[in-house]
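> Sequence:
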Amino acid sequence: KKIDISMTEENHCYENAMAERVNGILKDEFYLDQTFDNVAHAKKAAKNVINLYNQIRLQLSLNFKTPNMVYKLSA
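Quick note: the sequence shown, position 44, residue 44 per full-length UniProt numbering, numbers continuous.
Note that these hints are calculated values from the structure, not bench results.
Take these hints with a grain of salt, some might be off.
[As the list claims (entries may be wrong)] In the DMTMM-like style, the derived pairs of lysine to aspartate or glutamate whose C-alpha atoms are separated by at most 25 Å in a straight line are:
no.	residue 1	residue 2
1	Lys47	Asp28
2	Lys44	Asp33
3	Lys43	Glu29
4	Lys2	Asp28
5	Lys44	Glu15
6	Lys27	Asp37
7	Lys44	Glu29
8	Lys43	Glu20
[Unchecked claim] DEER-style ranges, computed between Cβ atoms:
no.	residue 1	residue 2	range
9	Lys2	Asn63	35 to 45 Å
10	Arg21	Leu73	20 to 30 Å
11	Met18	Lys47	16 to 26 Å
12	Ala42	Glu15	22 to 32 Å
13	Asn38	Val70	29 to 39 Å
14	Leu73	Val22	12 to 22 Å
15	Met69	Asn38	28 to 38 Å
16	Val70	Lys2	35 to 45 Å
17	Asn38	Asn63	32 to 42 Å
18	Lys2	Leu73	39 to 49 Å
Here a beta-carbon is modelled for each residue, glycine too, at the ideal position from N, C-alpha and C.
Whenever a hint applies, use it, and build me the whole structure from the sequences.
Following this line, the structure appears as structure tokens:
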């Protein structure tokens, strides 16, 4: 069964540029665009990548902090 991925009504990447940027990073840097053997494997990979993105990957736009660091500093 094929699942179409869409985050917008018109299939426009410009409707949500920030989400598209994050999706691109997840695909390009963490290879989430690969074909997975099953749903469980895909879910596990996505969970691991989101953890890496939020806790390990330093971001230029956040002054070389992780999203979790910024979140904790704002609390």
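> Please go over all the hints and tell whether each is borne out by the structure.
The hints, checked one at a time:
1. Lys47 x Asp28: 16 Å, holds
2. Lys44 x Asp33: 14 Å, holds
3. Lys43 x Glu29: Roughly 17 Å between the alpha carbons, so the hint for Lys43 and Glu29 holds.
4. Lys2 x Asp28: 22 Å, holds
5. Lys44 x Glu15: 28 Å, violated
6. Lys27 x Asp37: The given pair, whose Cα atoms are some 17 Å apart, holds under the 25 Å limit.
7. Lys44 x Glu29: Given pair Lys44, Glu29 holds - Cα atoms ~17 Å apart, limit 25 Å.
8. Lys43 x Glu20: 19 Å, holds
9. Lys2 x Asn63: 35 to 45 Å: 41 Å, holds
10. Arg21 x Leu73: 20 to 30 Å: 22 Å Cβ-Cβ, so the 20 to 30 Å window holds.
11. Met18 x Lys47: 16 to 26 Å: 21 Å, holds
12. Ala42 x Glu15: 22 to 32 Å: 25 Å, holds
13. Asn38 x Val70: 29 to 39 Å: With Cβ atoms ~35 Å apart, the hint holds.
14. Leu73 x Val22: 12 to 22 Å: 20 Å, holds
15. Met69 x Asn38: 28 to 38 Å: Cβ of Met69 to Cβ of Asn38: about 34 Å, so the range 28 to 38 Å holds.
16. Val70 x Lys2: 35 to 45 Å: Holds: the Cβ-Cβ distance is about 37 Å, inside 35 to 45 Å.
17. Asn38 x Asn63: 32 to 42 Å: 39 Å, holds
18. Lys2 x Leu73: 39 to 49 Å: Since the Cβ atoms of Lys2 and Leu73 sit about 43 Å apart, the hinted range of 39 to 49 Å holds.
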